[in-house]
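Chain by chain, the residues:
Number of protein chains: 4
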Amino acid sequence: MADPTHCQLALEPAVRDSARQRLASVRGHVEGIVRMLERDDVYCVDVLRQLKAVDGALAKVGDAVLRSHLHHHVTNAQARGDADEIVGELMEILKYR
Amino acid sequence: MADPTHCQLALEPAVRDSARQRLASVRGHVEGIVRMLERDDVYCVDVLRQLKAVDGALAKVGDAVLRSHLHHHVTNAQARGDADEIVGELMEILKYR
Amino acid sequence: MADPTHCQLALEPAVRDSARQRLASVRGHVEGIVRMLERDDVYCVDVLRQLKAVDGALAKVGDAVLRSHLHHHVTNAQARGDADEIVGELMEILKYR
Amino acid sequence: MADPTHCQLALEPAVRDSARQRLASVRGHVEGIVRMLERDDVYCVDVLRQLKAVDGALAKVGDAVLRSHLHHHVTNAQARGDADEIVGELMEILKYR
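Protein chains in written order, with the numbering used here: chain A, 1 to 97; chain B, 1 to 97; chain C, 1 to 97; chain D, 1 to 97.
Any given hint could turn out to be false.
As the list claims (entries may be wrong) - As a list, the in silico DSS-like pairs of lysine-lysine whose alpha-carbon atoms are at most 27 Å apart:
#, chain 1, residue 1, chain 2, residue 2
1, B, 60, D, 95
2, A, 60, D, 95
3, B, 60, C, 95
4, B, 95, A, 95
5, D, 95, B, 95
6, D, 52, C, 60
7, B, 95, B, 52
8, D, 60, B, 95
9, C, 60, B, 95
10, D, 95, D, 60
11, B, 60, B, 95
12, D, 52, D, 95
13, C, 95, C, 60
14, A, 95, A, 52
15, B, 60, D, 52
16, D, 95, A, 95
17, D, 52, A, 52
18, A, 60, A, 95
19, B, 52, C, 52
20, B, 60, C, 60
21, D, 95, C, 60
22, A, 95, D, 60
23, C, 95, C, 52
I should point out that these hints are in silico values taken from the structure, not numbers from a laboratory.
Chain A extracted, bound-state conformation (with noise of 0.2 Å):
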């Protein structure tokens, strides 16, 4: 999936440790919503809130990436020489956050 051109940006050791740990945990929580949606007596707003609780902690663990990609992989992106394509990916994932 990684772009080859940017094989050498790889994300953060720690960043990704933390991501991979918050999404194991967000992994458990659609788990419990697929559980709750087994009972025939669930209600809608009761679905509708645990979805945005995982909606919050996908966006929790979305920005701890990004702001690892600014600080390690933006911020020198013209001294690297790549700044179009940077900026050209950057946008497209923030054009419709």
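For this one, chain A is given, so just place chains B, C and D on it according to the hints.
Same frame as chain A, now just chains B, C and D:
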């Protein structure tokens, strides 16, 4: 988790089944990102793209549940006599959407 | 602009007054950003912060109008007989929120 | 409003001109909604649709300013020596987007 005063307002079975299947697929997607984060050369923007895809999938599930809730429980709330509560909890969900 | 089949569903006068006043203030805020953009030393992030403040002010107006619409026109839609249309147009608004 | 340490980081003239023109048009749009709200038969959903259109127009202005900021001030922040501050203020903007 269901509010006792709303225990009769269960999510429509067809929407519930579809939501459960979609969320099982979201869980698999999150699982895939967890594995992706085990690779030490994972690129930040690839992670952000995957998180965004999960976010879009969750939003579709939420839209289907919301639409069903509006149809089956909100448009008849005055007749049922719980309009204030129904609107209050709905605004709480929609506020941060 | 109003849909003829909904012409009886007018926005509540008190909410309408409050929305008009808040939007007059938003217009002033936008006017201020236009003037800010006449300065050749304006800093990008200061513009982004102002745009975000306007966005927040618009969201508050939207929340008040939405809450009023839910209370006065959505929670009685089945009794009135236009639930399908009411839900359809509401989902259209909420989808991209 | 501009941060003194950033006073050299001015918004690109072409983007500034375009943003000013678009925002002048947004101001006219908001003015139109204010007038719309003077009518006592205005329909809630028509107001919500107009607010959403304004929101979309503001987002386009914000995207153009953000893209310019990334290109001209963020991708060279390490070389300039203010990367921490640049990333911090950017995350503050993007967090609630």
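message: When the structure is checked against the list of hints, which entries are broken? Sort them ascending.
response: none
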